[in-house]
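Asker: Each chain, letter by letter, is given below.
There are 2 protein chains.
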Amino acid sequence: MSSGIALGLHGGCGTLEHRLQSQADWSESRDHLAQALRAGWQILRSGGSALDAVQATVVVMEDSPHFNAGYGAALTARAEHELDASIMDGSNLAAGAVCMVRRVRNPVQAARALLDSGTALLLAGDAADAFAAQAGLTMVDPSYFTTQRRLDALRLLQQRAQTGAFVPATEAEKHGTVGAVARDAQGHLAAATSTGGFNNTPPGRVGDSPIIGAGTYARDGVCAVSCTGQGEIFIRRVAAYDVAARIQYAGQSLEQATRTLVFETLASHKIGAGMVALGATGNPVAPYNTLGMYRGWVTTDGQLAVATHQEIHRMGAA
Amino acid sequence: MSSGIALGLHGGCGTLEHRLQSQADWSESRDHLAQALRAGWQILRSGGSALDAVQATVVVMEDSPHFNAGYGAALTARAEHELDASIMDGSNLAAGAVCMVRRVRNPVQAARALLDSGTALLLAGDAADAFAAQAGLTMVDPSYFTTQRRLDALRLLQQRAQTGAFVPATEAEKHGTVGAVARDAQGHLAAATSTGGFNNTPPGRVGDSPIIGAGTYARDGVCAVSCTGQGEIFIRRVAAYDVAARIQYAGQSLEQATRTLVFETLASHKIGAGMVALGATGNPVAPYNTLGMYRGWVTTDGQLAVATHQEIHRMGAA
Numbered sequence: 034m035s036s037g038i039a040l041g042l043h044g045g046c047g048t049l050e051h052r053l054q055s056q057a058d059w060s061e062s063r064d065h066l067a068q069a070l071r072a073g074w075q076i077l078r079s080g081g082s083a084l085d086a087v088q089a090t091v092v093v094m095e096d097s098p099h100f101n102a103g104y105g106a107a108l109t110a111r112a113e114h115e116l117d118a119s120i121m122d123g124s125n126l127a128a129g130a131v132c133m134v135r136r137v138r139n140p141v142q143a144a145r146a147l148l149d150s151g152t153a154l155l156l157a158g159d160a161a162d163a164f165a166a167q168a169g170l171t172m173v174d175p176s177y178f179t180t181q182r183r184l185d186a187l188r189l190l191q192q193r194a195q196t197g198a199f200v201p202a203t204e205a206e207k208h209g210t211v212g213a214v215a216r217d218a219q220g221h222l223a224a225a226t227s228t229g230g231f232n233n234t235p236p237g238r239v240g241d242s243p244i245i246g247a248g249t250y251a252r253d254g255v256c257a258v259s260c261t262g263q264g265e266i267f268i269r270r271v272a273a274y275d276v277a278a279r280i281q282y283a284g285q286s287l288e289q290a291t292r293t294l295v296f297e298t299l300a301s302h303k304i305g306a307g308m309v310a311l312g313a314t315g316n317p318v319a320p321y322n323t324l325g326m327y328r329g330w331v332t333t334d335g336q337l338a339v340a341t342h343q344e345i346h347r348m349g350a351a
Numbered sequence: 034m035s036s037g038i039a040l041g042l043h044g045g046c047g048t049l050e051h052r053l054q055s056q057a058d059w060s061e062s063r064d065h066l067a068q069a070l071r072a073g074w075q076i077l078r079s080g081g082s083a084l085d086a087v088q089a090t091v092v093v094m095e096d097s098p099h100f101n102a103g104y105g106a107a108l109t110a111r112a113e114h115e116l117d118a119s120i121m122d123g124s125n126l127a128a129g130a131v132c133m134v135r136r137v138r139n140p141v142q143a144a145r146a147l148l149d150s151g152t153a154l155l156l157a158g159d160a161a162d163a164f165a166a167q168a169g170l171t172m173v174d175p176s177y178f179t180t181q182r183r184l185d186a187l188r189l190l191q192q193r194a195q196t197g198a199f200v201p202a203t204e205a206e207k208h209g210t211v212g213a214v215a216r217d218a219q220g221h222l223a224a225a226t227s228t229g230g231f232n233n234t235p236p237g238r239v240g241d242s243p244i245i246g247a248g249t250y251a252r253d254g255v256c257a258v259s260c261t262g263q264g265e266i267f268i269r270r271v272a273a274y275d276v277a278a279r280i281q282y283a284g285q286s287l288e289q290a291t292r293t294l295v296f297e298t299l300a301s302h303k304i305g306a307g308m309v310a311l312g313a314t315g316n317p318v319a320p321y322n323t324l325g326m327y328r329g330w331v332t333t334d335g336q337l338a339v340a341t342h343q344e345i346h347r348m349g350a351a
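If you're matching them up, the sequences are chains A and B in order. According to our numbering, the stretch in the first sequence is residues 34 to 351, in order. According to our numbering, the stretch in the second sequence is residues 34 to 351, in order.
In silico lysine to any residue, SDA-like type, Cα no more than 20 Å apart, as pairs:
| hint | chain 1 | residue 1 | chain 2 | residue 2 |
| --- | --- | --- | --- | --- |
| 1 | A | K303 | A | T293 |
| 2 | B | K303 | B | P320 |
| 3 | B | K303 | A | S150 |
| 4 | A | K303 | A | T48 |
| 5 | B | K303 | B | T48 |
| 6 | A | K303 | B | L126 |
| 7 | A | K303 | B | A127 |
| 8 | B | K303 | B | E50 |
| 9 | A | K303 | A | P320 |
| 10 | A | K303 | B | N125 |
| 11 | B | K303 | A | N125 |
| 12 | B | K303 | A | S124 |
| 13 | B | K303 | A | G151 |
| 14 | A | K303 | A | N322 |
| 15 | B | K303 | B | R292 |
| 16 | B | K303 | B | N322 |
| 17 | A | K303 | A | Q263 |
| 18 | B | K303 | B | T293 |
| 19 | A | K303 | B | S150 |
| 20 | B | K303 | A | A127 |
| 21 | A | K303 | A | R292 |
| 22 | A | K303 | B | G151 |
| 23 | A | K303 | B | T152 |
| 24 | B | K303 | B | L324 |
| 25 | A | K303 | A | E50 |
| 26 | B | K303 | A | L126 |
| 27 | A | K303 | B | S124 |
| 28 | B | K303 | B | Q263 |
| 29 | B | K303 | A | T152 |
| 30 | A | K303 | A | L324 |
Listed next, with one range per pair, are the computed distances between beta-carbon atoms:
| hint | chain 1 | residue 1 | chain 2 | residue 2 | range |
| --- | --- | --- | --- | --- | --- |
| 31 | A | S286 | B | K303 | 29 to 37 Å |
| 32 | B | H346 | A | V173 | 55 to 63 Å |
| 33 | B | A168 | A | E297 | 29 to 37 Å |
| 34 | B | R188 | A | T152 | 20 to 28 Å |
| 35 | B | D159 | A | A168 | 19 to 27 Å |
| 36 | A | L53 | B | R188 | 56 to 64 Å |
| 37 | A | P175 | B | L184 | 33 to 41 Å |
It is worth saying that the hints were derived from the structure and are not from the lab. Computed from a prediction, not measured in an experiment: that's the story for all the values here. A virtual CB, placed ideally from N, CA and C, is assigned to each residue, including glycine.
Just chain A, with the same shape it has in the complex (with noise of 0.2 Å):
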């Protein structure tokens, strides 16, 4: 299509292994994937911005139970959700983001009515879900986000510290985000992030994914990039804006930027990094290091794909 309006997204990466859920679960994750991509695509195809797009695209993924972000989302020690979120309109650099909130049904309508609103750009806790509410977003009630799966393994996380039983946690049980990345009829590219956090983690931690330039950067003729891993390393990088720094100044691709970061930069502190981005022109990228990580995209031909880990899925025209 000569508009060359794409679209890619994530929903966290890590070990996935296969043996932790039944394969109707798999089919089911990589459906939700298909269908978060097609919210988005509706709106990328009739004309609409990459930022509603994006938009729509990550509530979905914050709607099912498969990922770490909204319904679904991971639990703190104290049994707690506390989610993050944040987006960002390449065409003019606006954002938006919130943290800690807990009541909001969908984090990222949160980021993207304060980016709206041209005040804040991030708001923290119960100011957010106050705003939120100001806003007429839909609230529930913090229980609304539980499921049972999370709350069985958060059981087994602390279990295994009581019994000083040194069991690592697995990576999708530490982490998961989920994020989406668009370029729209006009050339505009958009990125959003939203995130549960990690199962156990310790309440009031906040990670990279409300923070512009960390787990979320967007700019028109450069790139927009969503990422998921360890939060504290894609600060201490500021990995989402690194990509765009080489590609704008240091005369990188997209794929050298992306693989450099993900493979080097915060491979180099041992951490399951990932990311998915988009450039200027062309198709998007979704580089990880672990053994797996739910992606999917819609190229330029309107094609649409998903995996969650070396398989790619094509599922057709979007």
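Following the hints, position chain B against chain A.
Answerer: Frame of chain A; chain B shown alone:
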């Protein structure tokens, strides 16, 4: 001095109109800048680390009523304090940050304790205060931070808003942040930033000061940077890390990179902006695009200088 140790600080930029305070107050604020520099310089001169030096420098400014951080911090629209701080070690890119703390006397010490803990990088709200208390830091009643000057300024702002009179807040009322950069005898760089936000700020709003890459950044061999100005724009521009990226990837000098940010990139958003920065060699730079900026430095020859407006007050050997 062949060791090349150097130290720089800022205490916020803005219009800083002379008539807003007495000559005695201006003089005392310069004395406090000099005290802050001497605290950091003492550490550097005795072979201490850049990280310890920036922390000690910021602590003195947090304890001074003249600057918007710690004691004398700005008040939110609810007449409460929400303090943010961050610190970064350029030798290993370790960092710590807190936002929305209300009870730790010196937020930069809480940020440093987090850096040392190696657990979370960024903690928010009550959890950050609880961490600080557990780390043995001095805790205070929130009223400790409140000065009559900030209460008066808040009342004035809120009265204006009620009467509907459009009288824009002065830059001094709106912003203010303190920060420091240092290079130690081993050539390591560090940066730290601390703020009380701005007067009449929406509760829950977090600016760039606790955001690594936006308000604070340090990397050995490249630069150390601490910023002051409207945080939302610094976040959108990933300002502190953009200085580093311009040096690393585009081959710019520290002077070029910081002047581009302050006079072009940030100024294009029509905001007051300033920063203090230090490179792998040479003396600190402290560009700002407002009428004044509280600032000071000790150059590699051990000479101390402070300033609030154009005039530089040279104070001799540090």
